[in-house]
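Asker: Here are the chains, one letter per residue:
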Amino acid sequence: MNFNAIKVIYKFEMLRTWRTLMQSIASPVLSTSLYFIVFGSAIGGRIQEVDGVSYGAFIVPGLMMLTLLTQSISNASFGIFFPKFTGTIYEIMSAPISYFEILIGYVGAAATKSLIIGLITLATASLFVELHIAHPIWMLTFLVLTCVSFSLFGFIIGLWANDFEKLQVVPLLIITPLVFLGGTFYSISMLPPAWQTVTLFNPVVYLVSGFRWSFFEIADVNVYLSLFIVLAFLAICMGVVWWMFRTGYRLKS
Amino acid sequence: MSDIITIADLEKTYHSGHQALKTINLGIKNGEILALLGPNGAGKTTLISIICGLVNPSGGSVTVDGYDIIKDYRITRQLIGLVPQELTLGAFETVWDTVNLSRGLFGKKTDAAYLDQLLRDLSLHDKKYSEIRTLSGGMKRRVLIAKALSHEPKILFLDEPTAGVDVELRKDMWQIVNKLRASGVTIILTTHYIEEAEEIADRVGVIRAGELLLIEDKQRLMQKLGKKQMTIELRTAITQIPAALAEYDLELADSGEQLTYTYDTRSGQTGITRLLQDISQVGLTLKDLNTTQSSLEDIFVNLVHTE
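Chains as they are written, first to last, in my numbering: chain A, 350 to 602; chain B, 162 to 468.
So that you can see chain A by itself, here it is in the shape it has in the complex:
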């Protein structure tokens, strides 16, 4: 195992975050605050409570998931796409590193960044609403699993994309709608029955539901089913990355 290589890739990627501190940290804090002002105060003033939880607090897990998903995908996809785009990937590919080690370095750094941003989002939210986390271990489990699995997904997008448009198309046109329609700002029980069934095909519903359960013990679906969906998504991403590395997809001619 080339631990030094993993360490330098990880450090190098993290260094990029510190170099762009405003963009990496300040931007999610600002957007979370804006969501609270718009959804928490403006809309929350009319909704009051959902399943016995104040609307402001109810949206916190969903907001965190929104941030985690978008940040994990964006960090990981950009992390591997940029060296491909500039050509500096040659250095990684000609070094004595296994694909697994490359993956740990890049995905580890991307997941760490989104984990930090998720926690900052949580800290920002606690300034607006009173928060109580009923199951901290479950909360951390969902937090870490989401960061890792969506960083893996972002890594796949970064490998697949061969231009900037492709890099943006999946997060913008698929992930963002799925997150907004995944119960981020509402309980799916508030939807008409037909739409409740349709919504269950959205994997983000399970993430938000499980994560929300860890805070307030209220969920749209069983928490074990949520955990299973996250693990299944992680396994699928691992399988795709394994295939991409085995075939040298978009990396080796």
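Be aware that one or more of the hints could be misleading.
25 angstroms max Cα-Cα, derived DMTMM-like pairs, lysine to aspartate or glutamate [unchecked claim]:
id, chain 1, residue 1, chain 2, residue 2
1, A, K356, B, D233
2, A, K601, B, E247
3, A, K601, B, D170
4, A, K356, B, D258
5, B, K232, B, E247
6, B, K379, B, E356
7, B, K379, B, E408
8, A, K360, B, D272
9, B, K340, B, E247
10, B, K270, B, E292
11, B, K379, B, D333
12, B, K269, B, D258
13, A, K360, B, E172
14, B, K340, B, D226
15, A, K356, B, E313
16, A, K433, B, E359
17, B, K269, B, D226
18, A, K601, B, D233
19, A, K601, B, E172
Anything over 12 angstroms on all C-beta distances counts as not near chain B; from chain A, calculated [unchecked claim]:
id, residue
20, A354
21, T369
22, I438
23, S443
24, V478
25, P485
26, V518
27, Y535
28, A543
29, A581
30, C586
What the hints contain is simulated information worked out from the structure, not anything from laboratory work.
Remember, it's a predicted structure, so these values are computed and weren't measured experimentally.
No residue lacks a Cβ here, since even glycine has one placed at the ideal position from N, Cα and C.
Since chain A is already given, all that's left is putting chain B on it; use the hints.
Answerer: Chain B in isolation, oriented as in the chain A frame:
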């Protein structure tokens, strides 16, 4: 001298169907400077890329220091440093950070003393904490060399190291290469600057359309394939070569005042003395004489265009 790299029946066909390499067999000697010459698209970069692990071969094998480049990739890549053709560098990291990254990728711990010395040798030390984007093209090229040498490789691949650089920097590069060779590093460089091969290489390989046309010691190649010519300037112009001189390989210039004699330097008798006597006997008076030897460029052009 033993071979440090052995290439056997190496082939590469890309998905597009383009056959970039056709059964290449080549041994690269430990400690030598080998120049691979060839026109654009000849397969030079593909060959280097396969050895360094950037491109998968379609057939054949490559061993580095006795280890297979695919099965034992961790060992073989540890021995190799690669300087790519393009200036592929990040923009915002410092020179120091980027050379440390390179060293770490090869599994080595930071060695400030070694890296400091390396930057000094490459005249980069005063730019140690400069962001790469602030450096000139020549400096960036040096950074690429520093990155390739950061893990102390035994073999260095230089893919078109002086493409697009000015004459002064090119000479600096040659000095760097000579210093590296003196320290025992085996160097393989691709180039289409013939003078570069002529100046620094020990052996020269010529690749065209994926085939290795020849691989030869530079001096021997120039002797074997090089021609020497003697130009004889006449005091009075003539209209045709006199019949008494017909046995010689002579050419008369259009002006009629210059005869060019082509001869073989390897043969015991060049025929120069006898020719000069015969010229005198037919009554021609000499104004001046000079000799020239064909360069590697002439040899290369001949090879690439006639085979």
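Asker: Tell me if the straight-line CA distance from K433(A) to E359(B) falls inside 25 angstroms.
Answerer: violated (35 angstroms)
Asker: Using Cβ atoms and 12 angstroms as the threshold, tell me whether P485(A) really stays out of contact range of chain B.
Answerer: With a cut-off of 12 angstroms, P485(A) remains clear of chain B, as the shortest Cβ separation is near 36 angstroms.
Asker: Could you grab the alpha-carbon distance between K232(B) and E247(B) and see if it respects the 25 angstroms cut-off?
Answerer: With Cα atoms ~28 angstroms apart, K232(B) and E247(B) exceed 25 angstroms; violated.
Asker: K360(A) and D272(B): Cα distance at most 25 angstroms?
Answerer: Holds: K360(A) and D272(B) sit about 17 angstroms apart, inside 25 angstroms.
Asker: Just want to verify: S443(A) was marked as not at the interface with chain B; is every Cβ pair farther apart than 12 angstroms?
Answerer: violated (4 angstroms)
Asker: If we take the beta carbon of V478(A), is the closest beta carbon in chain B still more than 12 angstroms away?
Answerer: holds (38 angstroms)
Asker: Beyond 12 angstroms from every chain B Cβ: check whether that's true for A354(A).
Answerer: violated (5 angstroms)
Asker: Closest CB-CB distance from I438(A) to chain B, is it above 12 angstroms?
Answerer: Given a closest Cβ separation of 8 angstroms, the condition is violated.
Asker: Is it true that the CA of K269(B) sits at most 25 angstroms from the CA of D226(B)?
Answerer: The hint holds at about 20 angstroms.
Asker: Between K601(A) and D233(B), is the straight-line Cα distance small enough, at 25 angstroms or below?
Answerer: Holds: K601(A) and D233(B) sit about 18 angstroms apart, inside 25 angstroms.
Asker: Does E172(B) sit within 25 angstroms of K360(A), going by the straight-line distance between their CA atoms?
Answerer: violated (38 angstroms)
Asker: CA of K601(A) to CA of D170(B), is that 25 angstroms or under?
Answerer: holds (21 angstroms)
Of the numbered hints given earlier, the model fails hints 5, 7, 13, 16, 20, 21, 22 and 23; all others are met.
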